[in-house]
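**Student:** In order, the protein sequences belong to chains A and B.
Residue numbers for the first sequence follow the working numbering, so the first one is -7 and each next one is one higher.
Residue numbers for the second sequence follow the working numbering, so the first one is -3 and each next one is one higher.
Think of the hints as simulated: they come from the structure by calculation, not from any bench.
No experiment lies behind these values; they were computed from the predicted model shown.
Even glycine gets a Cβ: it sits at the ideal position worked out from N, Cα and C.
The hints are all genuine.
Which chain A residues stay away from chain B? Per the calculated CB distances, all over 12 Å, these:
#  : residue
1  : 49
2  : 60
3  : 86
4  : 113
5  : 118
6  : 194
7  : 214
8  : 215
9  : 217
10 : 233
11 : 234
12 : 235
13 : 302
14 : 303
A short list of chain B residues far from chain A (calculated; beta carbon distances all over 12 Å):
#  : residue
15 : -2
16 : 73
17 : 190
18 : 275
According to the in silico footprint, chain A covers these stretches of chain B (three or more CB under 8 Å from chain A):
#  : stretch
19 : 76 to 84
20 : 102 to 115
21 : 137 to 148
22 : 174 to 182
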Amino acid sequence: MGKIFDPTNYSLPNNCLAFAQSPQAIVFDHFVRIYFSTRELDQYGKFLSHVAFVDFEKNFNEIIDISNTTVLPLGELGCFDEHGIFPFNVLKDSNRILAYTTGWNRKISVSADASVGLAISDDNGLTFKKYGKGPVLTASLKEPFLVCDAFVTKFDDQFHMWYIFGTKWISDLLDNAPQRVYKIAHATSSDGIQWKRDAKQIISDTLNENECQALPTVIKANERYHMYFCFRYATDFRKNPERSYRLGYAWSNDLISWTRDDDNSGIAISAEGWDSEMMCYPHLFNCDEKILMLYNGNEFGKFGFGLAELEV
Amino acid sequence: MFRWKKLGRIFNPAELGHGYWMKEYAQAPSVLIFDSFVRIYFSSRPLPDHKGQYVSRLGFIDVERENLFNIVNICKEPILPLGSLGTFDEFGTYPASVIQTENEIRVYYAGWTRCESVPFNAAIGVAFSADQGNTFSKIGEGPVLSFTPDEPYVLGSPKIRRFNDIWYLWYSSGRQWLHNDGFPQPVYKIRMAQSTDGIEWTRLGEDLIQDRLEKNECQASPDVFFYQGIYHMFFSFRYNLNFKDVGRGYKMGYAYSIDLIHWKRDDEKVGIGISEIGWDSESVSYGFVFELDKQIYMLHQGNEIGKYGFGLAELESYK
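Whole structure, please, built from the sequences with the hints as guidance.
**Tutor:** Encoded structure:
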């Protein structure tokens, strides 16, 4: 269906200028609210990611509204989410909306670390309050840094989280700064707050051992679980389309063992246009009998996001 | 009321330190007792880098069991590696708390990383020794006690103990970063977690020790031991800001408990303070209490948080 939103055409809260990254949807009766992370430049010339949303008619042609106030403030001094919240994963849970945030904080020897936080909305997702100043999922013995990109859903009354964890920082002579490697993992929970995890990479690599895997999203269809995610090379991925993000695909019958099968992802970069160099940050959701996927294109979503419909 | 008799300084790294990494500081002493000697672990530092920043490394000295002032061995190299790029303990391992059980020796330590908006963050790691405590290796690159919604940052000062087959970890938990005109300072309070294996921890989730100086009082080094039917805690506390000024730095505090959870602070009973002159005339802190051959001792650091080493006191009386 192509690109449906370009942030540079609208006025955004928190002095944000561009980027609409990692679009993620909540479907209401008469409209669909799509959250995304957008960016402002701080006083040091560095980016801060903020959460915003846009409400669409269910035909995704007309925009009803765009958030004009802060959806969720960044963390205070020293907190895990002081320097940005991106992505922002939302989940309806009876009359609340839960948000699993990825909070960023800047470091010295490497650019940043990230952890997963929880925020809760009691006003249909207009604003969220944090469940504590700290994260619900962060570095552990076998997951030493960059615990982020949570996607949470419920199957059979159990919470499942797919997320990524960093395995190493490697030096990159091109960029003169360490680059990260991260892999997809799985956690479960009965309350959405305390999580059990075993620090296991669940999706096999296809590029090489330093393949970076990000933003898993899972949906059930035809009695099978389907996961989309994005993956890229660890270095030289920003400007080189050959090494940048592509969408990957895997399936599972039991939510535990996954078979990677990118050839059957059914979606690929376009020959030209807004998603011709990369595709990243997929988000699957059900909307009126359809399965839809939001995703970003070139430049990691600087100029917005698009939508695709799954034809089963 | 405790009454401690100071016996003097045991070790000053500026005089006896070995190598590039043991130039100054001998902090947070912690003891293992062997047949013929006592091993004292501590954290030491090489000289600071061009920005004035330190890393902190774990080492030990061995002293004669019959004469704790006779140093018989000084370790040659740091005994716990710093973390690799981007990990929680890349820039230091301090303080450390060593424990020996029936079948192993472990160390719990605070690992340090450097941040942009605040100067540092810390989380608690664990490492194991397969050679009688000569060296330690990690079982993972990440921390064993990390951040939670209610404990968002700066987890430090671990003190590991086992009572009645349960592992206990007392530690400092950062509660707030004060802006302090662009020189952020953390507020941290003493907390506790329990475990059946020392790896998976359940936290109590409460500050254990009442404040005495001010709301933003910093509390560290919660050293707990069982003696004459109750649990005793010697800890260190200081003012939050300008703590390098005389009178605002670390002092020794005291609290007691019968259940390891509820603590009654009673600093009047601490029974140890600064000396009139010398290496511990401004500050006495980071106590470690242990029993050796029927005598109770306390190791402690002195001025400038252990820059000039640590000393020993013995318990004269307790009522």
